[in-house]
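Given these sequences and hints, build the entire structure.
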Amino acid sequence: MTVLAPDGGTAAPPGPMAAVSCEQITYTFGTHTAVDHVDLRIEPGETFGLLGPNGAGKTTTIRMLVTLLKPVDGRITVFGVNTATQPMLVRRMIGYVPQLLSADGTLTGWENVQLFARLFDVPRKQRAGRVDGALAAMGLTDAAHRRAATYSGGMIRRLELAQALVNAPRLLVLDEPTVGLDPIARTDVWDYITKLRDEFGMTVLMTTHYMDEADAYCDQLALMHLGHIRATGTPADLKAALGEHVTLDEVFRHYTGGTLDESGEKGGIRNVRRTRSTARRLG
Amino acid sequence: MSAAPAAPPAASASIPVPGGPIFELKSLASRIVTLCWVEVCKVRHDRSELYTRAIQPALWLLIYGETFTRIHAIPTPHGIPYLAYLAPGIIGQSALFVAIFYGIQIIWERDAGVLTKLMVTPTPRSALITGKAFAAGLRSVIQAAVVVVLAAILGVSLTDNPLKLIATAFIVVLGSAFFSCLSMTIAGLALRRDRLMGIGQAITMPLFFSSSALYPVKVMPGWLQVLTKFNPLSYEVDALRGLLIGTPADMTLDVIVLVCVTVAGIGAAAALLPRLAKG
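Residue numbers (the numbering used here), protein chains in the order written: chain A, 1 to 283; chain B, 284 to 562.
Check before you lean on any hint, since a few could be wrong.
[Claimed, not checked] If you want the ones that stay clear, here's a sample from chain B, every Cβ over 10 Å from chain A, calculated:
no.	residue
1	Val397
2	Met402
3	Gln508
[What the hints assert, rightly or not] Between beta-carbon pairs, the in silico distance windows are:
no.	chain 1	residue 1	chain 2	residue 2	range
4	B	Ala312	A	Thr31	37 to 47 Å
5	B	Ile363	A	Ala84	55 to 65 Å
6	A	Ala84	B	Ala547	44 to 54 Å
7	B	Pro360	A	Thr85	51 to 61 Å
8	A	Thr28	B	Ala554	50 to 60 Å
9	A	Val72	B	Val509	39 to 49 Å
By construction, these hints were calculated from the structure, which means they are not laboratory data. Cβ atoms here follow ideal geometry from the backbone N, Cα and C, with glycine treated the same way.
This is the structure:
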């Protein structure tokens, strides 16, 4: 039996262990470089927002971080564990909510969470308690035995958070968690995410297009554009750097050239289609 | 903005992570049980597919089987009634039809984001595919049970030996596991549901007609007899006939072929899974 241990690579970042450390990571789709030598450091306990227009490389970065894609260059560690060499260990530390609504509508909420408890090897004796606990934490106890297809959009997002929570992850990765939700459901989902972070001290990495959410809920931000990180800092610092009374929308426009989608990235159309698909499923 | 909280309790990092071949095997078994459990939940919530899928084998047995029994057009070994000879073939066909479109489900899961999330769990690709293959096998066993009941209603005398019935279920699971892996492999190449539907329809009938499901190999033309040897459905049906109606069968060869093609199918589908997830 081995115990989770830092990978001890030669390029370990300075100072205390980061929750996430990306060093010069690069990913290409054919001839197109989606992520180009990106450096990123996320401290334990932070809520970190990765912002950028469609095609900026946010989702590709997230997919490398959660071990779905292998960087063609560079190195990613999650709590010191290398994602390329020890992906299974990294997965045990991550709770992931993808952009698409990914709960299985043909199963009940309880079954959806139970599935992930089993796949994360939660011991049988603890499983029922952990599943019930995750559903209760997300306010879904009463709806637990209804099929997920009957849930509202906000409830499905909360169910996905319960799925991500059931293995007690150290890092919660949320890819546009509130896309397509109405303002009330967005606030509702954020209340639950904040509660999770405050109660369990998780590190949260999220992408979003909503600047108001990034401003309100993130400790640190990175603005990404055309595969590069253009700026990092706290929302206050980023705004202050551009002058008084500057909004985060203006910061976003400043660093991304005032466009929402100019990259022509391979995934650009697909990103839009995915977002629309999610919005459609949410009604 | 929220204040940065204290360091996390390191919940998952403090969990000892087991390793070694015994853990790997236990983990594989656990994934198979889990994905079969999901399949059972789905069938329990919506049984309509069970009923609709029972129509086609019922028609094969009732119309095709009854008619060809009357006209005595197909010579069966040891004078076995044609309906009895046909029933194991229809079980094999029914399992094939369930499994061959299983790739559509995995493409749907890809499109719905379910596959991505499954792939971020500590489950090796091969274990995910094996679990899904056995889940398809379980669904086929349920379908096979329906055909056995239908055959009994039509007066076909199949074995009532519980061990042979368990072995029958094992063969059906193996055969379906292979065909579902074939389907998931094609899904990894075709990437789209409409393409997979087309390919599935194009290969299902040739697989069915080039097997011994409907008629003995010796009545086929020479070129078809050669093709039959490369068709896993023939080995599945041969084993099913041996178990259910006691015809002579090379059970060892049948099982070896089915196990080998299933392992190869799992390898191919698992290798293409990242391509499917990206697509």
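Tested hints:
For Val397 of chain B, the shortest C-beta to C-beta distance to chain A comes to about 5 Å, within the 10 Å cut-off, and the non-interface label is violated. Listed as outside the interface, Met402 of chain B is inconsistent with that label: its C-beta sits roughly 6 Å from the nearest C-beta of chain A, within the 10 Å cut-off. Distance check on Gln508 of chain B: its Cβ is at least 43 Å (rounded) from any Cβ of chain A, clearing the 10 Å threshold; non-interface status holds. A beta carbon spacing of about 44 Å between Ala312 of chain B and Thr31 of chain A agrees with the range 37 to 47 Å that was offered as a hint.
Between Ile363 of chain B and Ala84 of chain A the CB atoms are about 59 Å apart, so this pair conforms to the stated range of 55 to 65 Å. The given range of 44 to 54 Å is broken by Ala84 of chain A and Ala547 of chain B, whose C-beta atoms sit roughly 28 Å from each other. Distance hint for Pro360 of chain B and Thr85 of chain A: a CB-CB separation of about 57 Å, consistent with the stated range 51 to 61 Å. For the pair Thr28 of chain A and Ala554 of chain B, the supplied restraint of 50 to 60 Å is violated, since their beta-carbon distance comes to about 21 Å.
In this structure, Val72 of chain A and Val509 of chain B meet the distance hint of 39 to 49 Å, their C-beta atoms being roughly 46 Å apart.
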